[in-house]
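Visitor: Residues per chain, in single letters:
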Amino acid sequence: MVSSLRFLPASRGTLLKLRAQLELVERGKSVLEMRRDQLIKEIFILIDELRLRAKVESEYLEAIRAMDRIRVLRGEQDFQSRMALVIPPKLETVLESVQGVAVPKVRVISDPDFSQILDPEYKKALKTLWNSLKGMIEIANKEIAIEKLCYQLQYINRVVNSLEKNMLPELRDTIRRIEEKVSEEEIEEFVRIKKIGEE
Amino acid sequence: METYIAVRSHGLKTKLLTKKDYIAIVKGERTLTEYEAYTSIEEKDSLLVKIEKVFKVFNERLALLRKLAGKYEDLVCAYPDILEVENLKFKLREISGRKVKPYLYPYSHHLSLDDIQSIVTEGDLWEKLSQTPYGKGVRKPEFITGVVDEKEAFLDSLYFNYARNVFLKAKRKYRNKLVELLDREALIVLIYWSTVFKNRTKELISKGILRGLVPVTIKFTEVKTEELIKAIRADLKEVESYLESEEISRLILRLKTLNQKYYLKLAREHPVELPYVIYFLHLALNEALNIERILVGATLRIPEEEILSSLII
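Just so you know, the sequences run in chain order Z and H.
Residue 199 is where the first sequence ends in this note's numbering, and the numbering goes up by one at each step.
Residue 313 is where the second sequence ends in this note's numbering, and the numbering goes up by one at each step.
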């Protein structure tokens, strides 16, 4: 692709404009690099928190197994009809800003209501299951946040690379070219004026 | 007639699954459909349909005895009537909960399944119940907590009161033994409710909510789970761990397993009389419940050993 910079007139005004543009691009690049570092830091924090996943997952599986054991011992009808007494939790999906990136998040509006269940075994199993499920929801929220932050990081990397590899060298080249041309023209002008003075 | 139904029960008992059969089914060496009684169960059936078919087998076995029972019909039905009460509990949970239509056991005696399904409010339920032998002449008590469990406990109490009255009409020579057997079952149920209501159990008994569960032939010193377990002559040390970890299902399973020997003793003492029929019905109902556990366990991929340990054999 032929850059439009090639066709710029070699003048002092253009040079000033291009220098201002270079300064802006360099500043933009450094801001993007700072943002990239910030995102990486955030991703690392989230990844660190994700280390809990194995523990939460095993707790969840254990809770499911405990529930299954009760289901076998009490019978399917008893289990299903008892579950009809539990008022399910209310969840909603919201968009949350993590480092300026919109991340969908599942938020628990209200916990399930087990107040109609007095059976200690059922109650304990249900509470354990719900707590582990909440842990799983948190993990899922973190995973989706990491995914979205990674997409953003990828995008920023592309922009920084493009600035670094294309725009900045091109701008610098153009500035150098115009500087040379302007300086040649100045010498020419100086020589011309000197000759006129001698005559 | 009594001798005849007892003899028929002997015949029917030979068709019940044995321990070997259960192990073969759980280990997958044989399928349930290979057994004559359960050929109607198909692999493609849903879990609930399979369970329904299993209980239909129990129903068919009972229907045969009921047809032959004549004047003993009420006595024959008193034991399996617990399924009818279970259906009422499921309905009660539907009314008090999220209005999810419950799956009912395909069994009816005093209330048809349509009658139960047509119940819409709790008032309807108590009204319908008052027209049956379970609730006839019984005043609905003032519930203390108002939670479903309290009402379910009252239904259990009504059932045992009713069954006790039915058994009291049995012949004098085995009447007390039958009542004692029923008392043992009632005591297990009372143990269960004592783990639920804890300190309030005594109050619930005095208010008449759990009165039917108090055995007349078995004495206990205090209304405390541990004391009740002692009264049933179970080894408290053996079941202590279940109590500590709140594994109520395992506790009840253990107590029911321990109770088996009393059924067997009664059946040996009266091999051609009504107690044998009750013994057979107990085994047949256990078979249905065991198969239900196997089916649920297999669906949930529970380890074989765990399924086997949940059976009453």
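Since the hints were made in silico from the structure, they are not lab data.
Quick caveat: nothing in here was measured; it's all calculated off a predicted structure.
Any given hint could turn out to be false.
To be verified - Covered stretches of chain H, going by a simulated chain Z footprint (3 or more residues, C-beta under 8 Å):
#, region
1, 45 to 57
2, 88 to 97
As the list claims (entries may be wrong) - Result set (EDC-like, lysine to aspartate or glutamate): computed pairs, CA atoms no more than 20 Å apart in a straight line:
#, chain 1, residue 1, chain 2, residue 2
3, Z, K123, H, D114
4, H, K56, Z, E76
5, Z, K123, H, E2
A virtual CB, placed ideally from N, CA and C, is assigned to each residue, including glycine.
Visitor: Kindly indicate which numbered hints from before are broken by the structure, ordering the numbers from low to high.
Guide: As far as the earlier hints go, 3, 5 are violated by this structure, in ascending order.
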